[in-house]
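Listed in order, the protein sequences are those of chains A and B. Each step along the first sequence adds one to the number in UniProt numbering, with nothing skipped, and position 398 is 398. Each step along the second sequence adds one to the number in UniProt numbering, with nothing skipped, and position 16 is 16.
Please note that the accuracy of each hint is not assured.
Said to hold, decoys possible - Dumping the calculated SDA-like pairs for lysine to any residue here, alpha-carbon to alpha-carbon at most 20 Å: (1) A/Lys536 - B/Leu24; (2) B/Lys536 - B/Pro496; (3) A/Lys328 - B/Tyr422; (4) B/Lys329 - A/Thr420; (5) A/Lys454 - B/Phe321.
Claimed, not checked - Have a look at the derived ranges for each label pair, beta carbon to beta carbon: (6) B/Asp274 - A/Asp340: 39 to 49 Å; (7) B/Leu212 - A/Ser323: 32 to 42 Å; (8) A/Ser27 - B/Pro359: 33 to 43 Å; (9) A/Ser282 - B/Pro359: 38 to 48 Å; (10) A/Ser27 - B/Val458: 57 to 67 Å.
Just so you know, the hints here were simulated from the structure itself, not pulled from any lab data. Quick caveat: nothing in here was measured; it's all calculated off a predicted structure. Built from N, CA and C at the ideal position, the CB exists for glycine as well.
Protein chains: 2
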Amino acid sequence: MSKKILIIGGVAGGASAAARARRLDESAQIIVFERGPHISFANCGLPYHIGGEIELREKLLLQTPESFNSRFNVDIRVQNEILAIDKQAKTVTVRDIVADKEYTESYDALILSPGAGPFVPPISGVRNHLTHTLRNVPDMDAIITSIEVNKPQHATVCGGGFIGLEMAEALRHRDIAVTLVELAPQVMAPVDIEIANVLHEELKQHNVDLKLGKALQAVAETTVSDSSLTLTLNDGSTLETNLLIMAVGVKPETALAVQAGLELGDFGGIKVNDAMQTSDESIFAVGDAIETAEFVTGEAMLAPLAGPANRQGRLAANVIFGSDETYKKTQGTAICKVFDLAVASTGMNEKTLLRKKMPYEKVYVHAMSHASYYPGAHPVSLKLLFNPENGKILGAQAVGKDGVDKRIDVLSVAQRAGLTVYDLQDLELCYAPPFGSARDVVNQAGLLASNVMKGDEVVFHSADIKQLADNQLLIDVRTEHEVDNMGMIPGAINIPVDDLRANLCNIDKQKEILVYCQVGLRGHVASTLLKNSGYKVKNLTGGFKTWKAFNY
Amino acid sequence: MSKKILIIGGVAGGASAAARARRLDESAQIIVFERGPHISFANCGLPYHIGGEIELREKLLLQTPESFNSRFNVDIRVQNEILAIDKQAKTVTVRDIVADKEYTESYDALILSPGAGPFVPPISGVRNHLTHTLRNVPDMDAIITSIEVNKPQHATVCGGGFIGLEMAEALRHRDIAVTLVELAPQVMAPVDIEIANVLHEELKQHNVDLKLGKALQAVAETTVSDSSLTLTLNDGSTLETNLLIMAVGVKPETALAVQAGLELGDFGGIKVNDAMQTSDESIFAVGDAIETAEFVTGEAMLAPLAGPANRQGRLAANVIFGSDETYKKTQGTAICKVFDLAVASTGMNEKTLLRKKMPYEKVYVHAMSHASYYPGAHPVSLKLLFNPENGKILGAQAVGKDGVDKRIDVLSVAQRAGLTVYDLQDLELCYAPPFGSARDVVNQAGLLASNVMKGDEVVFHSADIKQLADNQLLIDVRTEHEVDNMGMIPGAINIPVDDLRANLCNIDKQKEILVYCQVGLRGHVASTLLKNSGYKVKNLTGGFKTWKAFNY
Chain A
1 MSKKILIIGG VAGGASAAAR ARRLDESAQI IVFERGPHIS FANCGLPYHI
51 GGEIELREKL LLQTPESFNS RFNVDIRVQN EILAIDKQAK TVTVRDIVAD
101 KEYTESYDAL ILSPGAGPFV PPISGVRNHL THTLRNVPDM DAIITSIEVN
151 KPQHATVCGG GFIGLEMAEA LRHRDIAVTL VELAPQVMAP VDIEIANVLH
201 EELKQHNVDL KLGKALQAVA ETTVSDSSLT LTLNDGSTLE TNLLIMAVGV
251 KPETALAVQA GLELGDFGGI KVNDAMQTSD ESIFAVGDAI ETAEFVTGEA
301 MLAPLAGPAN RQGRLAANVI FGSDETYKKT QGTAICKVFD LAVASTGMNE
351 KTLLRKKMPY EKVYVHAMSH ASYYPGAHPV SLKLLFNPEN GKILGAQAVG
401 KDGVDKRIDV LSVAQRAGLT VYDLQDLELC YAPPFGSARD VVNQAGLLAS
451 NVMKGDEVVF HSADIKQLAD NQLLIDVRTE HEVDNMGMIP GAINIPVDDL
501 RANLCNIDKQ KEILVYCQVG LRGHVASTLL KNSGYKVKNL TGGFKTWKAF
551 NY
Chain B
1 MSKKILIIGG VAGGASAAAR ARRLDESAQI IVFERGPHIS FANCGLPYHI
51 GGEIELREKL LLQTPESFNS RFNVDIRVQN EILAIDKQAK TVTVRDIVAD
101 KEYTESYDAL ILSPGAGPFV PPISGVRNHL THTLRNVPDM DAIITSIEVN
151 KPQHATVCGG GFIGLEMAEA LRHRDIAVTL VELAPQVMAP VDIEIANVLH
201 EELKQHNVDL KLGKALQAVA ETTVSDSSLT LTLNDGSTLE TNLLIMAVGV
251 KPETALAVQA GLELGDFGGI KVNDAMQTSD ESIFAVGDAI ETAEFVTGEA
301 MLAPLAGPAN RQGRLAANVI FGSDETYKKT QGTAICKVFD LAVASTGMNE
351 KTLLRKKMPY EKVYVHAMSH ASYYPGAHPV SLKLLFNPEN GKILGAQAVG
401 KDGVDKRIDV LSVAQRAGLT VYDLQDLELC YAPPFGSARD VVNQAGLLAS
451 NVMKGDEVVF HSADIKQLAD NQLLIDVRTE HEVDNMGMIP GAINIPVDDL
501 RANLCNIDKQ KEILVYCQVG LRGHVASTLL KNSGYKVKNL TGGFKTWKAF
551 NY
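Take the sequences, apply the hints, and build the full model.
So this is what it looks like as structure tokens:
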């Protein structure tokens with residue numbers, strides 16, 4: 001007998017599951033319930049329509065219930081909300097919002113793909129006509145209407161994650177003054193502070209008033225005729241604004257799972273096994289609502305990302321039709337455009353490694369996106385985190401105007417394949433002057449990390465230079481011109497790398513020598529020269545550029 | 001006692017070896033001999049200075065002998081040519097071209113990095129003042145002088161490889177009419193014909209007069225006062241041109257190796273082991289002059305590429321100073337800009353697999369470089385070759401305006417790491433609308449190939465549709481609109497995918513059904529629908545778009 005499959009949620013994971021189920025079985029009965037008016041819309045594109053880069057709203061509506069049904073013979077019921085799941089009876093209670101009636105559907109297998117909703121903290125006054133969240137097309141429409149009707153001079157975005165940053169940029173594109181409020185000391189939580197600081201500078205360059213380490217505490221009472229809000233932050237300061245976007249984070253939609261008595265994980269997401277099954281074997285869950293296993297540690301985490309959601313949806317359908325394949329964990333590879341920059345990451349960041357007390361080492365590379373002599377090359381700053389015991393890749397982060405995506409893609413594949421930093425040296429990446437360098441950023445990171453692994457170079461880090469000990473000598477090996485233009489790290493003396501050999505007689509062999517240059521390469525030349533001349537020496541990974549990024 | 005290392009050739013591999021040797025040993029004596037006037041110049045940038053994209057000639061001169069010496073304490077002797085190697089005595093005979101004198105140097109280790117020179121076939125009349133090759137800065141200067149002095153209306157480029165294509169583009173940038181003559185039926189030998197055909201169209205769009213399957217047979221006699229050449233091609237046609245660039249290929253510079261009695265390989269390159277040692281253990285060879293092991297087969301090949309050359313140079317230095325590391329074979333990852341397109345490849349191509357009679361299967365993906373609803377998305381056409389027995393990646397090729405480099409980078413890493421097509425489905429690649437898609441081109445290729453591996457989908461290829469058998473039915477599942485606009489494959493009938501279910505009663509179950517759509521995705525939906533309805537069915541991988549590329 002043919003299976004009856006119900007899918008709750010018609011975006012990303014839900015739509016993937018429906019299409020896949022039909023391809024696996026022509027006779028299955030497949031029903032998708034979507035509370036909202038649209039299925040399979042481009043939720044990642046919403047900020048870009050608000051900002052105007054995506055001109056046509058229709059472009060975001062990838063499928064209609066009709067188009068999806070004629071392609072896949074799937075019964076799509078938009079504006080139909082699931083009220084309850086009865087896992088014993090294997091039925092759901094549905095409310096047809098338009099017809100205003102309730103009905104019941106039975107299932108053989110149920111797939112939950114409810115997503116994650118914007119989290120709005122219980123701040124006094126925050127529910128008002130000038131405050132919005134952004135999750136779906138109606139939310140987007142409401143923000144656009146608010147902009148067109150109220151013509152805000154100033155907007156405030158709370159939250160510096162993906163949506164917060166994209167909204168800040170979208171509003172600046174519309175020539176609206178923007179204040180961005182973020183509780184953490186940095187935006188873009190997946191990357192570490194020294195990478196985030198590059199974004200902070202970019203935001204300031206684009207006239208975003210950035211308030212880090214601050215939170216919204218209260219919104220003064222408003223009436224619907226008001227065209228501005230008075231915000232009070234947790235430092236007591238106040239702010240007048242005409243539009244408030246709340247984007248402090250998302251939380252898994254688990255109401256139905258809780259009602260059905262399904263197990264949740266420690267982070268509040270629906271708990272699933274590696275076949276996407278919940279604690280009830282006939283009920284599957286996929287996408288932003290679930291907890292998934294982090295790639296390195298295998299520990300549960302929330303990873304609200306489109307790619308994993310699609311894979312999980314497909315996988316759930318496969319399992320329902322008998323496949324024994326399993327979900328291969330989540331690295332959390334992600335990227336965000338922040339004005340002219342891209343910032344991307346994969347795997348674990350340093351903050352998390354520190355918190356989990358895991359052993360790690362790190363190197364930085366600052367290099368050009370392609371051959372520096374070919375027009376349009378821009379610096380890429382890459383941070384590579386690796387296990388100092390076996391050289392395995394723990395995570396990577398990069399920021400720059402161009403070529404950030406491909407370096408993180410390469411490192412994401414390398415990590416997933418279990419490669420070590422030694423292997424990164426030998427990767428053959430596309431090289432011609434318009435596209436890369438004969439020794440790519442990733443190759444360079446592999447070389448540096450391999451040197452560290454083998455003990456060929458001892459590195460030190462920007463955080464280690466708080467106070468020089470008496471037996472330490474800090475040498476800046478850049479040119480005088482660079483030092484004059486950019487300054488030095490306090491306590492350093494300047495001996496340009498090309499003058500170092502001639503000056504060895506002046507360098508005390510009893511001291512530990514710390515060298516640095518602008519990005520680390522000349523520092524490497526200097527440190528090997530000194531090491532091979534009998535000195536105890538360390539090189540600053542990432543050089544002055546990383547030091548400046550830390551001390552922004 | 002400190003080692004004395006001689007390096008012949010100061011570009012790419014030679015320069016890498018010198019710098020690495022110094023970092024390994026401060027006391028070694030290191031001498032680099034370079035016949036030409038420059039070391040470490042940007043040979044890959046030469047065409048772009050001719051074309052004008054790289055405005056300043058100085059940008060191509062990455063190092064001077066002085067700068068290299070002050071950084072690395074390496075004795076750089078430009079315009080010093082090695083006349084002979086005495087491997088018994090461990091000496092070389094050198095001619096100082098400027099001082100016009102000869103001298104001898106001894107060595108403990110010798111590294112040959114002579115490169116590969118342009119191959120000019122012995123064509124009557126080809127040595128003349130209007131004919132050039134392009135290998136180094138003086139060659140480039142001569143071409144630019146020729147352009148500035150003679151103001152050519154028309155130029156002819158012989159050879160459609162990297163340099164030929166880059167020169168065709170450079171000359172068009174200078175508004176010179178260009179004829180490109182290539183003996184093979186396609187340009188860009190590393191890719192297969194259906195990918196190359198996309199380049200052929202691009203060349204025509206940019207008014208390059210493309211003569212495929214043709215060769216230069218003779219150049220009519222000229223005097224230095226002539227401002228044009230009369231070329232005769234092998235089809236008897238003639239051509240008047242004002243500038244002739246010979247770029248039919250390069251051949252390893254092996255004169256010194258031959259003189260020294262070192263072994264050559266079957267392809268005429270210097271034979272080395274995986275420690276870069278020649279048949280004489282004190283003589284190493286790196287770069288374009290050597291034969292290297294192909295990644296999949298381990299068989300010898302010539303791979304004149306900058307990335308491998310640099311790695312080999314570094315490796316030779318490491319081995320000289322005691323390292324036991326080995327060279328990890330060459331995939332031949334390469335990319336070329338052809339006007340607005342990029343074409344790239346890694347691993348083996350189909351021509352080679354056929355010639356070697358190796359088992360393979362292939363799939364094509366045509367998808368957008370990033371989310372189609374975000375501005376600036378362009379199609380990427382990807383061909384993935386894999387081993388049908390174990391799913392391992394054999395090679396990949398891609399062409400498109402944007403995002404070609406990163407897809408081939410990802411597949412190059414995946415191949416090197418030994419991943420299978422199954423693994424490609426799960427790769428987590430950077431996704432946000434400006435950068436990619438939730439299901440990337442590479443993920444799609446992995447899904448298609450996995451379906452083929454598992455037998456979930458049977459594919460057929462454009463070459464298989466020469467003549468339909470009586471028991472075959474070819475169904476075009478695109479919309480009527482598409483069919484009207486783009487035509488159909490001869491013999492096909494049109495049933496749009498969304499109408500297929502309703503028309504099953506009209507499709508003969510006794511026939512083998514061949515379906516196709518524009519790129520293969522709807523064909524997959526149609527073929528699974530038909531398969532699950534009891535039909536014997538195959539889907540055309542790459543769809544009508546790949547068929548058109550074959551039948552260009």
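Hint check results:
1. A/Lys536 - B/Leu24: Since the Cα atoms of A/Lys536 and B/Leu24 sit roughly 16 Å apart, the hinted pair holds (cutoff 20 Å).
2. B/Lys536 - B/Pro496: Satisfied, since the Cα-Cα distance of roughly 19 Å is no more than 20 Å.
3. A/Lys328 - B/Tyr422: holds (11 Å)
4. B/Lys329 - A/Thr420: holds (17 Å)
5. A/Lys454 - B/Phe321: holds (15 Å)
6. B/Asp274 - A/Asp340: 39 to 49 Å: For A/Asp340 against B/Asp274, whose Cβ atoms are near 44 Å apart, the range 39 to 49 Å holds.
7. B/Leu212 - A/Ser323: 32 to 42 Å: Cβ of B/Leu212 to Cβ of A/Ser323: about 47 Å, so the range 32 to 42 Å is violated.
8. A/Ser27 - B/Pro359: 33 to 43 Å: The hinted range 33 to 43 Å holds for A/Ser27 and B/Pro359, with Cβ atoms some 36 Å apart.
9. A/Ser282 - B/Pro359: 38 to 48 Å: holds (42 Å)
10. A/Ser27 - B/Val458: 57 to 67 Å: Hint violated: Cβ distance 21 Å, outside 57 to 67 Å.
Comparing the model with each earlier hint shows violations of hints 7, 10; every other hint is respected.
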